[in-house]
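*Asks:* Just so you know, the sequences run in chain order A and B.
The numbers in the first sequence follow my numbering, run straight up by one, and end at 280.
The numbers in the second sequence follow my numbering, run straight up by one, and end at 695.
Derived from the structure by calculation, the hints contain no laboratory data.
If you're wondering where the values come from, they're calculated on a predicted model, not measured in any experiment.
Note that beta-carbon positions come from the ideal geometry of N, C-alpha and C, so glycine has one too.
Some hints here could point you the wrong way.
Stated by the list, open to error - Some, not all, of what chain A presents toward chain B, calculated at C-beta under 7 Å:
| hint | residue |
| --- | --- |
| 1 | 63 |
| 2 | 92 |
| 3 | 114 |
| 4 | 219 |
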Amino acid sequence: MDLKLKIWRQKNASDKGKMVNYDMKNVSPDMSFLEMLDVLNNELIEKGEEPVAFDHDCREGICGMCSLQINGRPHGPDTAITTCQLHMRKFKDGDTIYIEPFRSKAFPVIKDLIVDRSSFDRIQHAGGYISVNTSGNTQDANAIPVNKDDADKAFDAATCIGCGACVAACKNSSAMLFVSAKVSQFALLPQGQIERKTRAENMVAQMDAEGFGACTNTGACAAECPKEISLTNIARLNREFLKSKFG
Amino acid sequence: MNIGDNFPAKLPEGPIANKWTSYKDHINLVNPANKRLIDVIVVGTGLAGGSAAATLAELGYNVKAFCFQDSPRRAHSIAAQGGINAAKNYQGDGDSVYRLFYDTVKGGDYRSREENVYRLAEVSANIIDQCVAQGVPFAREYGGLLDNRSFGGVLVSRTFYAKGQTGQQLLLGAYSAMNRQISRGKIKMYNRHEMVELVMVDGKARGIIARDLVTGELERHSAHAVVIASGGYGNVFFLSTNAMGSNVSATWKIHKKGAWFANPCYTQIHPTCIPVSGDHQSKLTLMSESLRNDGRIWVPKKKEDVEAIRAGKLKPTQIAEEDRDYYLERRYPAFGNLVPRDVASRAAKERCDAGFGVNATGEAVYLDFAAAIERYGKEQAHIKGMDENDMDLVRSLGKEVIKTKYGNLFQMYEKIVDDNPYETPMMIYPAVHYTMGGTWVDYNLMSTIPGCFVIGEANFSDHGANRLGASALMQGLADGYFVLPYTIGDYLASDIRTGKIPTDSKEFDEAEKSVRDQLEKLINNKGTKSVDYFHKKLGKVMWDKVGMARNAKGLKEAIDEIKAIREEFYKDVKIPGSINEYNEELAKAGRVADFLELGELFAKDALHREESCGGHFREEFQTPEGEAKRDPKFQYVAAWEYKGEPSKAVLHKEELKYENIEVKERSYK
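Looking at chain A on its own, in the form it has when it is part of the complex:
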């Protein structure tokens, strides 16, 4: 199939940037979206033009490195997948596809479609861990039984890949779903109880300091999350945060 691409090009962080048109011919429906961009880039290189910079690594939907706002949606038109898992069979011959970086004040553009998500790392530094030494001198793993239901819920929250789609989907650029996933994972497990209060408090403080917006419970984040992290985690984060202040 033949496609018209409109891609955001921005040389570096200080460049103003603009949308540029590209025509793609003979795209196979079995290609992944990123493979389609690979083909475009090889054509550009051989023509002596600069390829389009985009983040990607594992190409199987788990590392969280790929991003892209495709036709206005983070990770494109399909649900519960990342951009690298999106295949061209989701598009039709003659389609025009808009490809932009994830947009948020807390995710500044580095080049073209690449954004800086180190704000997510800094939120994790503020409390996304259990303070246990890695000496191996802990108690036997089965000495801490965990109710299966809680363990499963903690696992579901822990599957967050930190891609930032939640932020890109949110009209307020809120990072609540991301933060709530980590806070929930530990709040649900016995191992996480000791630092429960400080964790919620510190991670939320860092989230605010990074310039993410407030949550207005629109739910766009959960709708676009490639790992289907549930909104109930945000409700839990709110409870954890209130408890840390008044509990």
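Please arrange chain B on chain A, whose structure you already have, making use of the hints.
*Replies:* Chain B alone, transformed into the frame defined by chain A:
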């Protein structure tokens, strides 16, 4: 020459079960106050690098950690699916440290070191304790205790798992331990940085040159020791299950500075991957080995059925039970679908080469869950007191069970192939997955360069010629959490009075200049072809002639062809943009340049090893039944020393001794 002559492997004496404990009791330690005076660089933040960085920082060393991704959490360990082995014997099915040790040595086809493997088995149980304490959400049973499953090549259930995302959960555990140290200022993290050279001062590793991938600038970083945890080199094949950025450059740079490279030809071809769909393909996706717990592998018995399937006239579900060849169950009744990876891969290739492949390219076999869905469904119907003969009900209950076990894998398959694996069997084919070979290290995990340590997949030490499933996660974390943090002290104890290593020395000047020269040579090359063109060309030679089955003729051709591609690369590669900016093509060019050298050494190693063992299969050396035929003459580690170019590499042999395991015919029948 044996390595023992000049480069002692430092293997401890005494009974195997006491070696590690007694060794730890006698090595040098660095006191806590002195650790503050010592800097350590860690390159790579996967399970090995992440856990090492966190633990070293916790012990008090000043750590600088580097990753080329935008966050340490993205290292490719994240993609490991199935599980992690540990000799916990929670299932009471006869597991023990010795049995895990035995299975790993046998699984590696008697080509790994007894001492290293025993230590690995010994610390394995601790890993699970540690990870649970960190809040890693492993799968649990209703009683609240940890669940296990079984993996290939073993007769017990010792694999701990978190659905099909075990690597992700373990890596996030290591990442969280790193974050704790980053927040304390004990780890300085360098994201989007790539190590491009090792710096040696007075014969010791004293730092690295790193390139900031955002600005393109070269940076000097000094330390008292350098730890390489940069993973494997499967991407030398272009198509593999590795991440796009996975590369050999860090280990290749140290190889060129004097670190010996061991057993480069030992590569794991994983039997269950999604088959190639076309020329545009950029990577291959693994379907976890855990699926072989419940999936049965087969091809049709009759050629006419194969033809009809390829023509789209017949569906696999329409083929009668008696017309299916469950070839693993037929050939290996004791282990069935759970034979080790090398055996399963070769068996798939054998059937496909014989013309029984079930897709258009003839390179695919079925992995079928219908039987498991029915079995689980009946069990559920029985538990719930429902009608066990209502097949629609049974199947829908069974699908739910399969979904809770492998849901994300089934979803991944469906998104890529556009086919529903709950209704029709998956199609799979072997693909390059893991490299057992790597930098030669001693018992301390130090390379032949003093002060340069290599851990995780990047070293050669624990898996011999074939790695068992769920053992890579075990080794990465064992090295990083529990082995290196002890053994590195033995080396650093003599460095407590050295003081900070200056970066304005002539050694740093020279290292930086050599990197700059290479970058300029690449960027100013007025060629016509992209980096990918050469990488794909190399990959094709590797897969066709140095892949699942190798022979002397093909290997000799490969060596010449790789050399020719390398020459063409330097003549004709075209890299857009400039050095001092974000330039992925330039970074990729550096990596492919290294693959083009490694590929040749890889083929040379495969040519010299005139036997078949584990993942290394030489067509000239097989039993009448087509199984790998080992030769006791080759019971050694082949460690190659760099001498200017791959063809001139000098071979050193470390003889392997088996005192606690009887070397036998490796049979899974």
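*Asks:* Next, verify each hint and record whether it holds.
*Replies:* Verification of the supplied hints:
no. : hint : verdict
1   : 63   : holds, 5 Å
2   : 92   : holds, 5 Å
3   : 114  : holds, 6 Å
4   : 219  : holds, 5 Å
Going down the numbered hints, you'll see the structure goes against none, and every one checks out.
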